[in-house]
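Participant: Chain by chain, the residues:
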Amino acid sequence: MEELIARAVAAALEAGASYADARFTSHEDEEVRVKNGAVESLRSSSAQGVGVRVLAEGAWGFAATSTLTLAAVEEAAGLAVRIARASASTQKTPVALTPVEPASGRFPAVFTENPFDVPLAERVELLLDCDKLMAEAANVALREGFLEVTHEKKYFESSEGAQIYQEGVETGAGIECTAVAPDGSETQTRSYPSSHGGQTAQRGWELVRELDMPSHAEQIACEAEALLTAPACPATVTDVILESSQLALQLHESCGHPIELDRVLGTEASFAGTSFLTPDKLGSFRYGSEQVNINADATLPGGLGSFAYDDEGVPGQRTQIVREGMFTGYLSSRETAPAIGQTSSSGAMRADGYNRIPLIRMTNINLEPSDWTLDELISETKRGMYLCTNTSWSIDDKRLNFQFGTEVAYRIEDGDLGEMLRNATYTGNTPDFWGSCDAVCSADEWQLWGVPNCGKGEPMQTARVGHGVPPARFRDVRVGVTQEEEDGE
Amino acid sequence: MLDRAQVEAICHLVLEEATTDQVEVLVNAGESALTRYADNRIHQNVAETGSAISIRAVQGQRLGVCSTNDPRPEALRAALAKATELAAIAPENPEFPGLPSAPRPQPGPDPVAATINSTPEERGKAVREVLEVAAGDSLTASGALETTYTHLAVANSEGAFAYGEFTRSSMSAVMETEDSAGRAEAHAADVSAIDARALATIAAGKALASRDPRSLEPGRYTVVLEPLAVADMIFWLGLYGCNALAYQDKRSFLCEKLGQKIASEKISLGDDGLDPRGLPMTFDFEGVPKQPVELISKGVAMGMVHDSRTAAHADPPVTSTGHALPAPNPWGPVPTNMFLRPGEATVADMLRSVDRGLLVTRFHYTNIIHPINTVFTGMTRDGTFLIEEGEIVAGVHNLRFTQSILEALGNVKMVGSEGVQCEYAWCPPLLVEGFSFTGVSGE
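In the order they appear, the protein sequences are chains A and B. Residue 45 in numbering that gives the first Met the number 0 sits at position 46 of the first sequence, and the numbers go up by one each step. Residue 106 in numbering that gives the first Met the number 0 sits at position 107 of the second sequence, and the numbers go up by one each step.
Any given hint could turn out to be false.
[To be verified] List of simulated lysine-lysine pairs, DSS-like, C-alpha gap at most 27 Å: (1) B:Lys412 x B:Lys297; (2) A:Lys91 x A:Lys131; (3) B:Lys260 x B:Lys249; (4) B:Lys256 x A:Lys34; (5) B:Lys297 x B:Lys260; (6) A:Lys152 x A:Lys455; (7) A:Lys131 x B:Lys249; (8) B:Lys124 x A:Lys455; (9) B:Lys124 x A:Lys91; (10) A:Lys91 x A:Lys280; (11) A:Lys152 x A:Lys280; (12) B:Lys249 x A:Lys34; (13) B:Lys124 x B:Lys260; (14) A:Lys152 x A:Lys34; (15) B:Lys265 x B:Lys297.
Hints listed in this document are in silico derivations from the structure and should not be mistaken for laboratory results. Predicted model, so just to flag it, every value in this text is computed and none were measured.
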């Protein structure tokens with residue numbers, strides 16, 4: 000493979016590129032999906048190929064092939080250079096890359112128990128056991144379970160001399176059930192350990208053991224059933240405590256995306272949008288309260304956004320994003336870093352497979368813990384709601400106005416967790432919301448969540464990113480957003 | 000890229016060498032290219048060639064699926080062996096009715112040479128046309144131009160065989176000022192049918208007309224929804240409701256509603272993979288020919304789309320309508336060629352009828368909050384305008400809405416006579432009363 004990649008880089012230079020990198024990626028995964036006691040999916044897949052990225056005449060070109068021959072990668076390299084020249088016809092100033100020390104090395108996957116070694120029959124049995132427990136616990140219409148393991152190998156070489164081989168193994172699992180009202184007017188879902196596929200990490204089968212899904216199957220089935228007759232979340236303004244997986248998605252949408260410097264500089268403008276965190280705000284903008292400290296850390300063990308080197312050959316690193324509420328840093332690339340006066344990339348360029356160019360993507364975006372326990376937080380809240388587990392998400396094209404829905408909410412009255420509420424939603428404006436954060440839980444409550452489905456770019460790329468988050472409290476949040484009753488005309 | 004003979008050879012190898020009771024092979028091979036521009040320059044420009052082969056092995060009611068992007072015989076044999084191994088491990092799935100035996104689908108339209116042969120230089124020329132419009136009005140332009148050429152084949156041991164070659168192209172153009180934006184987009188099989196300058200001109204007009212936007216209080220407003228916004232609503236209806244798996248799982252809005260009025264009598268919605276106004280595709284990912292399906296007729300809920308499995312479980316059983324996605328998937332059958340029947344109004348007619356309301360170019364980042372009630376939320380974007388006394392008088396800051404889609408379709412007062420092909424559906428504009436806006440953009 001090294002020979003193929005070296006040839007791709009050389010061919011690009013011979014065709015006229017001033018810079019070239021080539022990346023071989025091999026991706027394998029196995030999925031088990033169970034629904035209502037039946038195995039819906041037992042699937043294995045693999046894909047591999049080579050992508051060649053070049054600068055020619057000061058502009059970018061990229062071409063990819065799944066054919067692993069010298070002739071095919073040479074053709075891809077030549078096409079990439081031709082494409083770059085077409086790009087150059089609109090280039091105002093040549094692309095300049097910040098320097099990076101060409102790295103070399105081999106970086107293996109880190110796990111305790113290789114998930115691919117766990118017999119598929121055992122994986123199926125685990126999900127069927129969970130299914131049975133959910134079925135026995137409550138009268139829910141839909142019971143689902145999911146397990147996926149992946150293994151990715153990457154070899155990167157650049158015309159500057161980088162030669163980096165990396166491997167990663169990921170394991171993901173989750174269960175959920177949906178209850179349906181007898182008259183069909185309502186459905187309610189509860190999931191464990193979180194929604195949208197559960198939990199995923201760069202770990203082995205030990206993650207699945209720790210999740211202990213069978214021990215939670217009964218509880219979520221009962222909660223889904225109970226939600227059918229729970230009162231709807233009222234429309235009001237109140238204090239909210241966000242459970243960590245919901246706060247992870249809040250962090251993802253309202254901090255992780257707006258700090259992507261390519262988005263800030265406009266390159267996502269026609270698709271997912273731009274960012275309110277414009278460069279003039281760096282170092283001077285109050286993003287949140289003094290309780291809010293956020294970092295981007297690609298070095299966290301087990302994080303879905305962890306790596307030794309990004310897809311430009313820049314080392315994975317930690318960047319402070321928000322310090323005591325002040326906005327202090329972006330996720331950047333070799334091309335974009337100079338736009339904010341920096342001389343090196345923060346190492347956040349990642350591609351979704353061999354056939355995609357790297358974009359600035361979240362690594363692990365983390366809310367740093369403080370010193371509260373969740374029990375203290377609830378007991379110190381006079382009136383409010385505890386909102387758990389995401390169901391829906393939406394945010395505007397500047398990443399300001401957001402609205403989220405959660406699977407369940409619990410009323411808090413005089414410091415006690417009270418009745419369960421269904422169809423909970425909350426909405427707000429990003430800096431106002433983070434500005435209202437007055438308490439963050441401790442490291443004991445901090446959990447590193449994996450988000451394996453972060454979409455960005457055209458053609459669409461799906462990134463796997465991480466968020467380490469403890470629960471936290473936010474004051475005076477609008478909850479229970481429903482259709483406007485008053486006629487505004 | 001693989002040609003037809005190579006694609007068919009892959010199918011034959013899998014069918015001939017399979018040892019399980021049934022087998023299905025799906026081949027998706029092709030080329031694609033995308034030129035992306037922002038800040039008045041091309042900043043990404045990519046192309047790829049590849050293939051994806053998926054093999055579904057069936058032993059009794061045990062299923063295993065293995066996919067690979069390596070079309071060489073040894074790789075196909077390894078994938079077939081893996082699928083067979085998985086089928087042996089899998090417990091029986093009593094819900095699985097067997098692979099469908101389907102008639103050969105009729106040929107679709109020929110792929111378009113202009114799209115197949117599109118070059119980086121031609122895509123660059125189209126982008127420069129957009130940039131020229133932007134420069135003329137000191138606007139910032141962004142967008143993308145994409146072309147794809149796909150060979151799709153599905154074959155199974157029960158005799159189904161479908162093969163098609165498809166071309167697709169799409170272009171978006173967004174124009175921005177300091178405080179406003181406008182957008183236009185086009186989707187066609189023939190890239191030469193896309194007029195980049197015309198798209199840019201529409202987008203620029205919207206951006207310029209919505210400068211100095213006003214702030215509007217949330218509330219219920221009469222809205223003129225342009226086709227992109229309408230298509231967004233229709234997409235969610237199709238995915239969450241007009242889908243037989245959602246219906247059979249009792250999570251569709253159609254449950255208990257078939258045959259009942261669920262929308263204005265002005266609303267008729269269907270799916271037709273053969274309609275040349277759209278992007279025709281004559282068969283689904285099980286190789287079953289697509290059938291036209293009436294989903295809503297004059298406001299009455301009429302039906303849903305099926306794949307072979309939901310068809311077998313329907314009460315009474317029906318035949319697949321040809322709307323399967325690649326197996327396995329958790330979504331079930333999905334309508335991908337929807338058409339909202341046009342009415343008789345022009346946008347000018349709609350505007351004239353509005354005393355005070357909004358014109359919405361498109362929605363952004365929509366998501367379903369309550370599937371049964373079809374409540375969704377999202378933002379307006381790229382051209383939201385205040386209408387007063389029948390005329391557009393100003394741009395407004397983007398608004399968040401929280402709204403039941405079916406309620407909105409129940410409040411339709413006019414349907415446009417002309418529509419456009421959007422990404423997922425062909426839609427005319429609509430005039431809707433009482434659309435619920437629940438928030439405003441923060442900047």
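Participant: Would the hint linking Lys91 (chain A) and Lys131 (chain A) be met if the CA-CA limit is 27 Å?
Facilitator: Outside the cut-off at roughly 62 Å; violated.
Participant: Hey, Lys256 (chain B) versus Lys34 (chain A), does the alpha-carbon distance stay inside 27 Å?
Facilitator: Measuring from Cα to Cα gives roughly 25 Å; hence the hint holds.
Participant: Are Lys124 (chain B) and Lys91 (chain A) close enough, with their CA atoms no more than 27 Å apart?
Facilitator: Answer holds: Lys124 (chain B) to Lys91 (chain A) is near 16 Å, not above 27 Å.
Participant: Does Lys265 (chain B) pair with Lys297 (chain B) here, judged by a C-alpha cut-off of 27 Å?
Facilitator: With Cα atoms ~6 Å apart, Lys265 (chain B) and Lys297 (chain B) stay inside 27 Å; holds.
Participant: Are Lys297 (chain B) and Lys260 (chain B) close enough, with their CA atoms no more than 27 Å apart?
Facilitator: Within the cut-off at roughly 8 Å; holds.
Participant: Can the restraint linking Lys124 (chain B) and Lys455 (chain A) be considered satisfied, given a maximum Cα separation of 27 Å?
Facilitator: holds, 26 Å
Participant: Under the criterion that the straight-line Cα-Cα distance not exceed 27 Å, is the pair Lys249 (chain B), Lys34 (chain A) satisfied?
Facilitator: holds, 14 Å
Participant: Between Lys152 (chain A) and Lys34 (chain A), does the CA-CA distance stay at or below 27 Å?
Facilitator: violated, 31 Å
Participant: Assess, step by step, whether the Cα of Lys131 (chain A) is no farther than 27 Å from the Cα of Lys249 (chain B), and give holds or violated.
Facilitator: Measuring from Cα to Cα gives roughly 20 Å; hence the hint holds.
Participant: CA of Lys91 (chain A) to CA of Lys280 (chain A), is that 27 Å or under?
Facilitator: Measuring from Cα to Cα gives roughly 26 Å; hence the hint holds.
Participant: Is Lys152 (chain A) close enough to Lys280 (chain A), meaning Cα to Cα at most 27 Å?
Facilitator: violated, 38 Å
Participant: Is it true that the CA of Lys152 (chain A) sits at most 27 Å from the CA of Lys455 (chain A)?
Facilitator: With a Cα-Cα distance of about 22 Å, the restraint between Lys152 (chain A) and Lys455 (chain A) holds, given a limit of 27 Å.
The structure shown violates the earlier hints numbered 2, 11, 13 and 14.
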